[in-house]
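Q: Those sequence lines, one after another, are chains B and G.
Heads up: the first sequence runs through residues 1 to 192, numbered per the working numbering.
Heads up: the second sequence runs through residues 1 to 289, numbered per the working numbering.
Where hints are given, some of them may not hold.
[Stated by the list, open to error] With a Cα cut of at most 30 Å, we get these calculated DSS-like pairs of lysine-lysine:
(1) B:K92 <-> G:K60
(2) G:K265 <-> B:K189
(3) G:K60 <-> B:K188
(4) B:K118 <-> G:K60
(5) B:K88 <-> B:K183
(6) B:K118 <-> G:K44
(7) B:K145 <-> G:K44
[As the list claims (entries may be wrong)] Coverage of chain B stretches by chain G, computed from C-beta distances (three or more under 8 Å per stretch; other residues unrestricted):
(8) 119 to 128
(9) 169 to 179
[Said to hold, decoys possible] To give an idea of the chain G side of the interface with chain B (calculated C-beta under 10 Å), a few residues:
(10) P37
(11) P71
(12) I92
It is worth saying that the hints were derived from the structure and are not from the lab.
Note that the Cβ used here is the ideal one computed from N, Cα and C, for glycine as well.
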Amino acid sequence: MTLPGMVRKAILPLITVAQIGCGPGDSLKTPVPESPVPVNRIKAVAPTLTMVEGDRTVSIHADQSELNLHDSGKPKLGTISYPTGEVKVSGKTVSRFTATNGTVDQDKKTLLLTGNVKITDETRGLLLTAREVKYGQLLRRYEAKGDVWVTKLEKDNSGQVTTSEAMRMGPLPVMWANEDLDKIATPKKFND
Amino acid sequence: MTKRSPINTRSTLARMSGFLVCTGVAVWITAQTQSIPQLSDKRKQFALYFQEASTEFPDKNTIDFDVSGSPVHGYSKSQNLEFAGQNMTGRIKQRTTGKDTAMHLERGTLTGNATVTVADDKGATTKFVGQKVSVEDDGESAKVTVPAAFTVTSSTQTESGQRVMTVTAKSGTFILKSLSKKDDNPLTSAIVVGPVTLRVDQKAASGKANLYTITGDRLTMRSEGDNKIVTLSGHVHVSSDTTSEDGGGFIGQMDVETAIATLDKANNMTKLSTKGAPGSGQLKEKSGG
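If we strip away everything but chain G, and leave its shape as in the complex, we get (with noise of 0.2 Å):
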């Protein structure tokens, strides 16, 4: 009988440690993701986490929930949504689809530190953020509603790195394709009330820079193909001072009464048309180009 060695039981105790201590904490993680009150789907496509609750069940479908924490956060997968703020409240309905039910937020209102972000269809995000922010999809289109100072920021990934474009207001209406309906460019339309600040930054490793800025009274946008068309109005102010390595920016600036850009899918600025009095300006070509 061969006698085991002592190096080799000592290593066996020790995996079979490791083992139980890695089973042990992965328990414990599970415990405490289980431990928080939510409200959920069956496959967990959505998820509402909470820590005071009322739910309503005025038919078989429907849920109306009023909820608070610290803070409420929740997602709906397939509405490519997140949320999340101090209190909600809103409604869920449930949608069979063959042998599958699942939830989807139908309205819902964030208040407090509130938060909404939409992803599109390429990962893509638009991020809501202000002290109250509602959200409503009806299956066909959607919209969120921002009655007070807010900003919404929209990232997309470029050659150069990451695009951001930063919206300021006071309060605005977007109106998007429905959440349900997987798109590049869910954003159609869109009118905010200002003071206005549009600026458009690029994210490189060499560091942020600010392509261009755009400010105004009001401002509009509208889809039109894959552009968006966004129109600022009263007193207007246009300026930027660099350019990026693929495209996008422009030095120089202006004051007018309108300003219409033209953005493409990654913000690029393609097209500038400006009217009114007194109207003036600079532009100086980029050196070398």
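Chain B with its partners taken away, still in its complex shape (with noise of 0.2 Å):
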């Protein structure tokens, strides 16, 4: 076994959970040749990783990532797979989501979810759909494209949201909302 794999072996079980953004922390010097500049690749099982911008914070539950450092240990891009999680805002949940794969990029503060999409608002009862939507963090809205649905479900006497639809709006190539789906638009009438 190699170096870089004996390290790799040693920390990867220790690894649960990565924070982006709190500064350095531990990196791995793993040198990969063929790259202009260093970058260490972590891989966790079941992590979960937080977005924080002021007030607005994104947790991301996946079943792996794969996330890509700096040299300064500092996360940039990572990919993960079967995210799920939530935005808010305050510490009030406003939105989830679910989708089969997902790509963080802590430099723009986005997150990039694929493969059947879904953000959902239970206050509202509100489903958006997509094959892709992007969640600007800084943008503070969703950027959904291909196929792109929206429906409200009905909600039972208990008052608990069901499956059955009350009304469906669709299909759009593209559609944005914002972070609690209060508003969702084309993009030409999103900022009218």
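Join these two chains into a complex; the hints should help.
A: Here it is, written out as structure tokens:
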């Protein structure tokens, strides 16, 4: 076994939570000869990733993740499998999401979800589905692409959201939505 | 073993091919319909078709919308309502009755070649056409407002054929019974600012005939049972030169200050009162009558 392999094998079981944007942390000094910039890579199982910007927090839970780190140890880009998570504003959950795959970009503060993407707002009983959704924490919105549908689900007598549709809107190639889905519009009309 | 006849084989193949072609066409048509962006309720009792849209959800039963298209168009079956225009803004309310949740148009404003069509219980239609048409329906009463030049056309079926009443004016407000309440006479009152032209035509197999035409500066209308009392005031001119087989129309003309016409359900003028100076006119009996 090579030195990098030994190092990885030693550190990997200890990593169950990776914090992004909290300082350099511990970094793997494992050189990847072909890259012009030393890039470190962490693979994790069942991680929880968190992105924080002001009063906004995005928590991402995944089956697996692979994070590329700068040699400073600060994560830049990560791919995640079967991500689920929520967006919180001032500690309150405003929407939740699930998908088949995801990519986190710490520099741009974005989360790109692909494959059977679902964004939900349980307060209003809204469900947005698309082939791809990009969440921008700085822009504070979701940008959905590919066979986009918005569904308003009915609530039963106890106020619980059911799977029965009260309203459907779509299909649309592109839709943008606020973090809490209180406004959903085509890009042309979103800022009107 | 009997040998299959080549003719039977060919006809079977032809039937299968025809079936596949028809199925393919049906699937294609369905796909095209479903691929048009729309906002609809579960049972398609309400649908709004558009190209660009913005929606907001202020509470669980309300959808505020702003849509545009070429054109925007839609319907509300529970309100006997159809509408179209280049742009539309408004509010949709979701109402739950038992286990069913349906969408209703609470208010909507259409601009750009706007049309709003209301059907009554008997299938007769009233169609508002203008550059801007607004409709409101709060469940108790409804209102249609046309702030600029417009035409409203009301069509009913008579024994002689289709009877069409057309009002053309500069602006108007029409009060109706709630569109959700099925009624064969939904229009209750109207105020129309002119110059106003009211004309009633009869379309029959033999052609189209104008039964009567009334013009004036202003028109008001109120319902009285099944009748409509229509009052035109200011430089009123009443004219007609024909009668129809089942009644309606007269031969003559008048210039008066005010004309009050009583119209029945079929828009026959059953009574006409006039007042004002100088007031002149001639009426002729229908020949042979």
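Q: Each hint should be assessed against the structure and marked as holding or not.
A: Hints, verified against the model:
no., hint, in the structure
1, B:K92 <-> G:K60, "holds (19 Å)"
2, G:K265 <-> B:K189, "violated (45 Å)"
3, G:K60 <-> B:K188, "holds (25 Å)"
4, B:K118 <-> G:K60, "holds (20 Å)"
5, B:K88 <-> B:K183, "holds (17 Å)"
6, B:K118 <-> G:K44, "holds (24 Å)"
7, B:K145 <-> G:K44, "holds (25 Å)"
8, 119 to 128, "holds (count 3)"
9, 169 to 179, "holds (count 4)"
10, P37, "holds (5 Å)"
11, P71, "violated (16 Å)"
12, I92, "holds (8 Å)"
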